[in-house]
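Colleague: Each chain, letter by letter, is given below.
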Amino acid sequence: MQTKEASGTRPDPADTMSAGSDSETKPEKKTRTPEQVRRRGTARKWGEISLFTGPALLVFLIFVVLPVGLAAYYSFYNWNGIEDLDNFIGLDNYRRAFGDSAFVHALRNNLFVIVMSLLVQLPVALAVALVLNRKFRGRSFMRMVIFAPYILSEVITAVLWLLILQPHGPLDAWMENLGLGGLRELWLADLNLVMWTVFFVVSWKYIGLAIILFLAGLSGVPKDLQEAAAIDGASWWQIQRRINIPLIAPTIRVWMFLSIIGSIQLFDMVWVLTRGGPAGASNTIATYMFQYGFMRSQYGYGSAVAVILFFLSLIAALLYMVFVLRRDNIDEGKRR
Amino acid sequence: MSAVTEQTEQQEKDGVDADYGRSGFDYGKLLAITVGLSAVAVTLVPILYVVLGGFRTTGQLAENPAGLPDPWVFFKYRDVLTSSIFWHQMLNSIIVAAGTTVGVVLLGTMAAYPIARYNFKFKGVLYVIFTLGLMFPIGVAALPLYLLLRDFGLIGSVWGVIIPQVAFQLPITIIIMRPFLKALPKEVEEAAEMDGLTRVGFFWRILLPLAKPAIITVGVLAFVASWNAYLLPLLVLQGDAAGHTLPLGVQQFQTRYSSDTAAILAYTSLAMLPALAFFTVMERRIVDGLTGAVKG
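Chains A and B are the protein sequences, given in the same order. For reference, each letter of the first sequence is one residue, going 92 to 427 in this note's numbering. For reference, each letter of the second sequence is one residue, going 415 to 710 in this note's numbering.
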């Protein structure tokens, strides 16, 4: 992949030949010129393309593609990051991961966050967006406040909730004041409860993004459609279900994708809140990787976990491209 | 969900749609304001707790965790504001975020330009390669990236954070820039060509100024991403607290002074203040950027 791309940035006869057929597929190409002029222009064109894309491509290949490739390579070795890389063990690291109940538990935690986000955040965010999608005083202020947690870093969010959730902290006191003292829990230290707490904090930070995205989508729905439906006697709910929700479906699908990818990669928040604890109960794949890769210097094994993480992201992305993007493109094609 | 059901019931009772009808009382608006205010409360209460908590003493906090400052004390904030470590961390955060922003805007716009406005073989492949970068979370690359940066001697240096952040921010930047650059009218390019401007000259003198709105958007996104980053600074900026960025600093402060809750609250609220201030100014841009990226 890399070498092919590198050679592609150099001018070669095959490219010159195909330049003509390219302009057929993309009609917005610059004005046609005679064959000879075009040939001379092609070399210059490739020079310009290399000049413009070269630096970005270089940085991208060295700092994104290469490390990911190296992770795949290291994952076949038993390696502590210092010694020579000569202890090839094939797929043993992968076998070890899937045989380790702590890893499987981490995997299940990521799945929990994915599923709960779709089951809880999506309906709540959609309902709030639909209700807020009208004009009233203070609307832009409300939108701004609701969106604000998205801008806070996961670390600050985690520290903030760490302080609120601590035993004898403000949450306990508020519950006490409301007569709910009996429902107090060790929110971050209870094996069965900790993932629910983590999910709550994740939702607090990220649900504003969903609401804002949905509101932006809703503002793009033509008003005359809604008015026409209202004149035809459609109820508020019918308008939402038949017009608004279907028309912002692409936005919803993109949000679902972002949410799933984010849930697979969850690290900062969990690390600061619990370090994956108690006893690994709130580990995600990323915190598990961090513990084994860095803290125990098992670079080979940590890399294998990273590769699994990558494949999960890739599967989510491919499913999204196959099912969602294709569908949106077909929709777009129909509209044209 | 229940909010929607309530609304439906009200609609049915009224028989008129609140949004479009002319009934006397607008239940829909009432519901919107109720839901909106509840969401505002859920968002603001934790933030206010932290900000107000910084004006209390740890003794006050232990006595009544949920109370208001009584009396108000200012020395926790003063201690943070007069500590050189806090300002060092602020400065580090600014340097790293500014460096990342400049780097990614420059490289990203340059790369997006041919992808948007040239016609060449491998154009599609090039675009796909960059967009696939979205699938590489920094976590996947973290272990080898750390070893790579160690070999380059970049551990402990802000460059070790800036350069990889630029690389990882490139995909979203190119995805946002491409349609914007593509939408600029062809006549601009032709006019520039007639005036004898080269493509490179066109890029610097015409395209960059014209692309300013999109550049601000991707710049803001890059700045925010860098400002909030944790994993990479955690790996690269090891050692002395004066070399940390703010997220690292807050987390370490929280661990080190875990008994002094009031100090942690003051530190945390001062660390989140710049982000919130930046956000209130740039909210429009951030939202536009995100929705723009979503529409792709």
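Bear in mind the hints are in silico, worked out from the structure with no lab data behind them. No residue lacks a Cβ here, since even glycine has one placed at the ideal position from N, Cα and C. A couple of the hints might just be wrong.
Stated by the list, open to error - DSSO-like, lysine-lysine: derived pairs with alpha carbons at most 30 Å apart:
id: 1; chain 1: B; residue 1: 443; chain 2: A; residue 2: 314
id: 2; chain 1: A; residue 1: 136; chain 2: B; residue 2: 600
id: 3; chain 1: B; residue 1: 443; chain 2: A; residue 2: 136
Claimed, not checked - Covered by chain B, per the in silico footprint, the following chain A stretches (three or more residues, Cβ under 8 Å):
id: 4; region: 166-179
id: 5; region: 356-369
id: 6; region: 377-388
id: 7; region: 393-400
Colleague: Taking each numbered hint in turn, which are not upheld by the structure, reported in ascending numerical order?
Modeller: Of the numbered hints given earlier, those the structure breaks are 3 and 4, listed in rising order.
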